[in-house]
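Chain B: place on chain A using the hints.
Protein chains: 2
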Amino acid sequence: MIKRLIDEIIKKEAPIVAGLDPTLRMIPESIKKKAFEEKGETLEGAAAAVWEFNRAIVDKIYDLVPAVKPQIAMYEQFGIPGLEAYKKTVDYCHEKGLIVIGDVKRGDIGSTSEAYATAHLGKIRIGDSEVPVFDEDFATVNPYLGTDGVKPFADVCKANDKGIFVLVKTSNPSSGEFQDRKIDARPLYEWVAEKVKEWGKDSIEGDYSNVGAVVGATYPEQGERLRRLMPETFILVPGYGAQGASGKDLKGFFDKNRLGAIINSSRGIIAAYQKAPYSDKFSQEEFADASRQAVLDMKKDINDNV
Amino acid sequence: MIKRLIDEIIKKEAPIVAGLDPTLRMIPESIKKKAFEEKGETLEGAAAAVWEFNRAIVDKIYDLVPAVKPQIAMYEQFGIPGLEAYKKTVDYCHEKGLIVIGDVKRGDIGSTSEAYATAHLGKIRIGDSEVPVFDEDFATVNPYLGTDGVKPFADVCKANDKGIFVLVKTSNPSSGEFQDRKIDARPLYEWVAEKVKEWGKDSIEGDYSNVGAVVGATYPEQGERLRRLMPETFILVPGYGAQGASGKDLKGFFDKNRLGAIINSSRGIIAAYQKAPYSDKFSQEEFADASRQAVLDMKKDINDNV
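If you read the sequences in order, they're chains A and B.
So the first sequence is numbered by the numbering used here: it starts at 1 and just counts up by one.
So the second sequence is numbered by the numbering used here: it starts at 1 and just counts up by one.
One chain only, chain A, in its complex shape (with noise of 0.2 Å):
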């Protein structure tokens, strides 16, 4: 699956994943409206909300981006109902092409592990019959409790086809606070690198494992050393835009042939059309104008400060 998408973002030349991340303050009022009318103020309301943005934006930007990564806690928030705008979603994405990369950051210990990685990755046996369930490309996996919760991911991946990155170094500002913790001298982050590569290194699949790693944009310096220390890891970025980094910030992480990591932006892109400079020119009912807008900005600047 990885090397699938790297073919994919050298043809549509955007190493770019829009980050399906919907909120309900992001949804422009008019779809809110209706689909509060049609199914009330509930679960299933909220749900019909999420799935008619997603839609929209999907058709503007499936042409320009490989990939999209749904966060599953935003549907899960919905319940039951969300979850299946969860699923419509991936369904949909499948269907305009994209690969879909599930941001669920599962993580538990074996069988329970080997079923979190059958529900997004694999097919569930039941009886003689056997079930695709989520059924995303990519998942990301969460190391804290070692081989025991990650591998059942990477054999489910090699008997699929799929594809995982785990965090190593988080986007977020308190991500230091065990990762970077040192132990013999390295931070927690590179002994978990180590383990990554470990854990790939039966995947590889041209240049790269479909055992990826999430290293945020917003730490360049630790981003440029792992890409030296993780050669044949794909690293899935996220922390552009909203989060603080910008093109400038991006060069490390790729490498030689400016391919080896793919950024995510998600509220700089879904919800561009609420900020500057993309509010003075789309209006509200111009949202998924406005996303499509934004990744071809994106683009243009990772493109030119890569």
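Since the hints were made in silico from the structure, they are not lab data.
Incorrect hints may appear among the rest.
Since the list can't tell identical chains apart, any single copy or any two copies may satisfy a pair.
To be verified - When the alpha-carbon atoms are kept at most 27 Å apart in a straight line, the in silico DSS-like pairs for lysine-lysine are as follows:
| hint | residue 1 | residue 2 |
| --- | --- | --- |
| 1 | Lys123 | Lys39 |
| 2 | Lys39 | Lys88 |
| 3 | Lys33 | Lys123 |
| 4 | Lys34 | Lys256 |
| 5 | Lys256 | Lys11 |
| 6 | Lys34 | Lys123 |
| 7 | Lys123 | Lys300 |
| 8 | Lys39 | Lys248 |
| 9 | Lys123 | Lys87 |
| 10 | Lys182 | Lys151 |
| 11 | Lys123 | Lys12 |
| 12 | Lys39 | Lys12 |
| 13 | Lys88 | Lys251 |
| 14 | Lys275 | Lys248 |
| 15 | Lys197 | Lys88 |
| 16 | Lys195 | Lys182 |
Note that the coordinates shown come from a computational prediction; the quantities given were computed from them, not determined experimentally.
Just chain B now, with coordinates in the frame of chain A:
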């Protein structure tokens, strides 16, 4: 909420939580046959079997245990129908007076962690309405992302009288890969424990905080040390039974009043009928009676040893 949990433990004389982590292999053939005949070998069929299995077990044990801990991965693997069975299980356990610990091991940053916290412990605002979502009483949380990841959970808990258990030292064999690594002469899990105390210090209710910790029964020495290190932190202890720990390993997790910890058993209770000594005495059809006996035996084992 921690006070209610402690009151129920005292009332039922059982510091025991039953892990509702069903797999299809555990479910008796007759239940699966009926479910698959009605709904096919589909996610719906599997979810129907899971729900029927859970209901029968809860009916036989609700008077013995204060709490249940459904592992959401085991439901998520059956997609939307599986998550519907999860929600039905949560609601049914509430009807039976049980406290529900959602073993979700979620963890993300900022607004995303807030969304997970809302999904499992809070109420979501939709228009002018506030709607509960999965509505468990406690949830488990992964600390790898630091304060940004955990604080939103603690805040939602305070606003809704709920609680969390943060992963400190997990029960699995490879938990030491990162958690045991020494930072300034102390293992990482102790640094996490220090943060758990800090995150919980404003949520003390009686003797304990609504921000608790997960420490595996398979590491009794570490459990004893963590009990002393975190005197106001309630400990959720997995790893009893199928994972290898027994009553004699547990003393150190408890305080001088024989409180301060709750021990989880999953397979050991819900799949008791499949293993000795219960498999000799109980038929497949009597699976729920076997679960009841396993709870009674576990209660004796703990109360004799603690």
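Verification of the hints:
1. For a Cα distance limit of 27 Å, the shortest separation of Lys123 from Lys39 across copies, 18 Å, qualifies, whereas the shortest one inside one copy, 32 Å, does not.
2. Proximity of Lys39 to Lys88 under the C-alpha cut-off of 27 Å is found in both arrangements, the shortest distances being 18 Å within a copy and 22 Å between copies.
3. For the identical chains of this complex, Lys33 and Lys123 are inter-copy neighbours only, at 21 Å across copies versus 38 Å inside a copy, given an alpha-carbon limit of 27 Å.
4. Proximity of Lys34 and Lys256 under a CA criterion of 27 Å is satisfied in neither setting, with 49 Å inside one chain copy and 59 Å between copies.
5. Taking the shortest alpha-carbon separations for Lys256 and Lys11, only the intra-copy value of 18 Å comes in at or below 27 Å, while the best inter-copy value is 66 Å.
6. Taking CA atoms no more than 27 Å apart as the test, Lys34 paired with Lys123 passes between copies only; the shortest distance there is 22 Å, against 36 Å inside one copy.
7. Neither within a single protomer nor between protomers do Lys123 and Lys300 lie at most 27 Å apart by alpha-carbon distance, with minima of 39 Å and 41 Å respectively.
8. For the identical chains of this complex, Lys39 and Lys248 are neighbours neither inside a copy (45 Å) nor across copies (55 Å), given an alpha-carbon limit of 27 Å.
9. For the homomeric pair Lys123 and Lys87, the shortest alpha-carbon distances inside one copy (15 Å) and between copies (22 Å) are both at most 27 Å.
10. In this assembly of identical chains, the alpha carbons of Lys182 and Lys151 lie at most 27 Å apart whether taken from the same copy (25 Å) or from different copies (24 Å).
11. Taking the closest pair of Cα atoms, Lys123 and Lys12 never come within 27 Å of each other, the shortest separation being 30 Å inside a single copy and 41 Å across copies.
12. In this homomeric assembly, Lys39 and Lys12 never come within 27 Å of each other (Cα to Cα): the closest approach is 38 Å inside a single copy and 43 Å across copies.
13. For a Cα distance limit of 27 Å, the shortest separation of Lys88 from Lys251 qualifies neither inside one copy, at 35 Å, nor across copies, at 49 Å.
14. Taking CA atoms no more than 27 Å apart as the test, Lys275 paired with Lys248 passes inside one copy only; the shortest distance there is 21 Å, against 60 Å between copies.
15. When the C-alpha separation of Lys197 and Lys88 is checked against a cutoff of 27 Å, the pair qualifies neither within a copy, at 33 Å, nor between copies, at 41 Å.
16. Proximity of Lys195 to Lys182 under the C-alpha cut-off of 27 Å is found in both arrangements, the shortest distances being 16 Å within a copy and 17 Å between copies.
Taken one by one, the earlier hints fail for this structure at numbers 4, 7, 8, 11, 12, 13 and 15, listed in ascending order.
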